[in-house]
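Each chain, written out:
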Amino acid sequence: DGGITQSPKYLFRKEGQNVTLSCEQNLNHDAMYWYRQDPGQGLRLIYYSQIVNDFQKGDIAEGYSVSREKKESFPLTVTSAQKNPTAFYLCASSMEWESGNTIYFGEGSWLTVV
Amino acid sequence: LAKTTQPISMDSYEGQEVNITCSHNNIATNDYITWYQQFPSQGPRFIIQGYKTKVTNEVASLFIPADRKSSTLSLPRVSLSDTAVYYCLVGDEYNNNDMRFGAGTRLTVKP
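Top to bottom, those sequences are chains A and B.
Under the numbering used here, the residue at position 49 of the first sequence is numbered 49, and the numbers go up by one with no gaps.
In the numbering used here, each number is its position in the second sequence, counted from 1, plus 114.
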């Protein structure tokens, strides 16, 4: 089935550790995104990438890093510099069709600092 | 990307029609309007998209007035399973690098 796969679903991080969230898509989409969602809040854009080997900071990029070495993969690393990383993380990708953009999301990953 | 404004929350009862309005006063000529639905601990999913007038699919209708400065998502005969957060997103097919969501509208459907 086509879609976006995020892993792991649940992840625990000790303070001072870096952790990497995986995002893979087989939709052949050019653009990919990472969002952070805190409980009861909306989605905030962390990073986005329009093409391979290129990515841009979103609104809350500090403490995060990404790479886009392959079209289908856009991993997010939560570094120790991110002081409050406990949140729900969503990866997404978008397609262009002749009458508009549509964005597709993975099922999300919960990150908890212990 | 045009900034959007939606009500924070809405309550409804089963079987009622629910209308959620989104304001996007600075919408650009090439922008489309897309609505998404999000359940807790899941990624948002596409509901409906439109450019002007009215669009209808199997789950919702989207009404867009002539000036396109707002849009209304209409959910007919809601059920408890429609309890979710609804987001409106405005953007164009040439600019997929700025997918910023607003706070969304939390719809609660009561028995």
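Treat the hints loosely; a few may be bogus.
Straight-line C-alpha distance at most 30 Å; calculated DSSO-like pairs for lysine-lysine [claimed, not checked]:
hint: 1; chain 1: B; residue 1: K224; chain 2: A; residue 2: K57
hint: 2; chain 1: A; residue 1: K83; chain 2: B; residue 2: K117
hint: 3; chain 1: A; residue 1: K57; chain 2: B; residue 2: K168
Which stretches of chain B does chain A cover? Using the computed rule of at least three CB atoms under 8 Å from a CB of chain A, they are [as the list claims (entries may be wrong)]:
hint: 4; stretch: 123-131
hint: 5; stretch: 152-166
To be clear, the hints were calculated from the coordinates, so they are not data collected in a lab.
Small disclaimer: the values here were computed from a predicted structure and weren't measured.
Beta carbons are placed, not taken as given, at the ideal position from N, Cα and C, and that holds for glycine.
These are the hints, each one checked on the structure:
| no. | hint | verdict |
| --- | --- | --- |
| 1 | B/K224 / A/K57 | violated (40 Å) |
| 2 | A/K83 / B/K117 | holds (28 Å) |
| 3 | A/K57 / B/K168 | violated (35 Å) |
| 4 | 123-131 | violated (count 0) |
| 5 | 152-166 | holds (count 8) |
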